[in-house]
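Take these sequences, add in the hints, and give me the full structure.
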Amino acid sequence: MNKRKVALGPGAASLILIVVVLSLAMLAMLMQISSRNDLSLASRSAEMTARVYDLNADAERKLAFLDEVLIECRKEIKTGDMQAYLNLLAEKLPAGYDLLDDEVTWMDPLENRIMTCTVKILPPAEKERTEWVAHKLVVEEPEDDWEW
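Those letters in the sequence shown? Residues 1 to 148, per the working numbering, in order.
There could be a bad hint or two in this list.
[As the list claims (entries may be wrong)] Okay, derived cross-link-like pairs now, DSS-like style, lysine-lysine, Cα gap no bigger than 25 Å in a straight line:
{"id": "1", "residue 1": "K75", "residue 2": "K127"}
{"id": "2", "residue 1": "K92", "residue 2": "K75"}
{"id": "3", "residue 1": "K62", "residue 2": "K127"}
{"id": "4", "residue 1": "K136", "residue 2": "K78"}
{"id": "5", "residue 1": "K75", "residue 2": "K62"}
{"id": "6", "residue 1": "K62", "residue 2": "K92"}
In case anyone wonders, no lab produced these hints; they're calculated from the structure.
In structure tokens form, the structure reads like this:
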């Protein structure tokens, strides 16, 4: 049996060290690119979340305004007649609010999102004035985004 010794020259260790350093430098560069992309995505997500919360706050303000209008209508209406109550409400509702039967609907757009709110108007004899029916955020994405 012939045993040969494998001998590495003095430059082999330097070559291995250079390859390892270059590999680590490439990995560091890829990690930096990935981190930058993650930061960009997180920033956009945080900005959109803040905007959606602003939309939600606007919806609550509009509900509070509607509640004030309903209080005025209850003061003016002396009977518990629901139809007279709704007719008076229809006269006092400003633009942007839609009254259909006993439900009031309004929408707030934000870029490709729309906050749709619907509340049911309760009879004037009840303690509560409104009841949430729908409070949803709809995202309209172009069909081009789904093509691969």
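K62 and K92 were given as a pair; does the straight-line alpha-carbon distance stay at or below 25 Å?
14 Å, holds
Straight-line alpha-carbon gap K75 to K62, limit 25 Å:
At roughly 20 Å apart (the allowed maximum being 25 Å), K62 and K75 satisfy the hint.
Please verify whether K62 and K127 have alpha carbons no more than 25 Å apart.
20 Å, holds
Satisfaction of hint between K75 and K92, Cα-Cα up to 25 Å
Given that 25 Å is the threshold and the Cα spacing comes to 13 Å, the pair holds.
Could you grab the alpha-carbon distance between K75 and K127 and see if it respects the 25 Å cut-off?
Roughly 13 Å separates the two Cα atoms, so the pair holds.
Would you mind confirming whether the straight-line C-alpha gap from K136 to K78 stays at or under 25 Å?
35 Å, violated
Of the numbered hints listed earlier, the single one contradicted by the structure is hint 4.
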